[in-house]
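Chemist: Note that the protein sequences, when read in sequence, are chains A and B.
The opening position of the first sequence corresponds to residue 2 in my numbering, with each subsequent residue numbered one higher.
The opening position of the second sequence corresponds to residue 20 in my numbering, with each subsequent residue numbered one higher.
Think of the hints as simulated: they come from the structure by calculation, not from any bench.
Treat the hints loosely; a few may be bogus.
Facing chain A, according to a computed beta carbon distance under 8 Å, are these residues of chain B, among others [stated by the list, open to error]:
(1) ILE36
(2) VAL37
(3) THR39
(4) GLY41
(5) ILE74
(6) PRO77
(7) LEU78
(8) ARG79
Note that the structure is predicted; figures quoted are calculated from it, not measured.
Cβ atoms here follow ideal geometry from the backbone N, Cα and C, with glycine treated the same way.
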Amino acid sequence: MSNHEHHHDHHCHDENCTCEHCHFESHGVTFHLSMDLHDGAVVASAKGHLQTDHGLLQQTMCLALKRMADRITAEGGIIGHIKSAVEIHSVEGYSITSDTVTMELSPTVQAHITVNAIVFCLETECLEEQMKVCLAEISKANQ
Amino acid sequence: MDSVYRARQELDPEWLIVETTGVAYPAAIRENLKEALDMDCRICILTDASRWGRIFLPLRPMLSGQIEGADTVLINKIDLAEEDFLQLMEKDIHDINPSTQILRCCATTQVAPVIWDAIIGEV
Chain A
2 MSNHEHHHDH
12 HCHDENCTCE
22 HCHFESHGVT
32 FHLSMDLHDG
42 AVVASAKGHL
52 QTDHGLLQQT
62 MCLALKRMAD
72 RITAEGGIIG
82 HIKSAVEIHS
92 VEGYSITSDT
102 VTMELSPTVQ
112 AHITVNAIVF
122 CLETECLEEQ
132 MKVCLAEISK
142 ANQ
Chain B
20 MDSVYRARQE
30 LDPEWLIVET
40 TGVAYPAAIR
50 ENLKEALDMD
60 CRICILTDAS
70 RWGRIFLPLR
80 PMLSGQIEGA
90 DTVLINKIDL
100 AEEDFLQLME
110 KDIHDINPST
120 QILRCCATTQ
130 VAPVIWDAII
140 GEV
């Protein structure tokens, strides 16, 4: 049996890991998702990249994180924290050939998203499922 | 340890503030910093009055382990709790660590200078 045919941690599931268990595909976005246990807490970490409207992404992030927090609480989990960082990259173009500068703004931005959650009193599988739902909501709204 | 070492080497700060994760045991970090880098630390634990009632029993072993080594414990979000509850919370904390200094604060108002002084050990 290879290491990738079951879910035991026989190898390092870091960002470069390519096994199926470490990746979650949703609406055209590939998220790297890792789960860990730390002193009674379940720790989830996800990273992904998508291209979207900045304002829409901001709304989606707030909504998706709030909904995940509500679901975790409803499942009986205690949230240590759920934190997300979004690194935005956008391009603006400026050009002039005579006496007027033309400005071109990209309608979309490149967003590198990380979502980290530390949760107590919840099974690893349950937090993993809640993370996937959250990531799917983000990717679906911004596809 | 590596980050702290590099910060000291490259920036030589008077103070270095390390914000740990919520599952860290600061006293263990203090020991490591002392042994590895001969650095002294003060530990300030931030607690949440609005959630204490829900988390104290199920997370007691971890919370106790975090509070045991604390020089100061801040009770934050006091605007969201009743006075009776805050006193009960202070007792819970004192039962774990009788020598720690407990201070109340609220991030929606300005933090009093005396609290900053206590955190850095000047009160």
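Chemist: Hints numbered earlier in the text: which of these fail when held up against the supplied structure?
Modeler: The structure conflicts with hints 1, 2, 3, 8, although it agrees with all the remaining ones.
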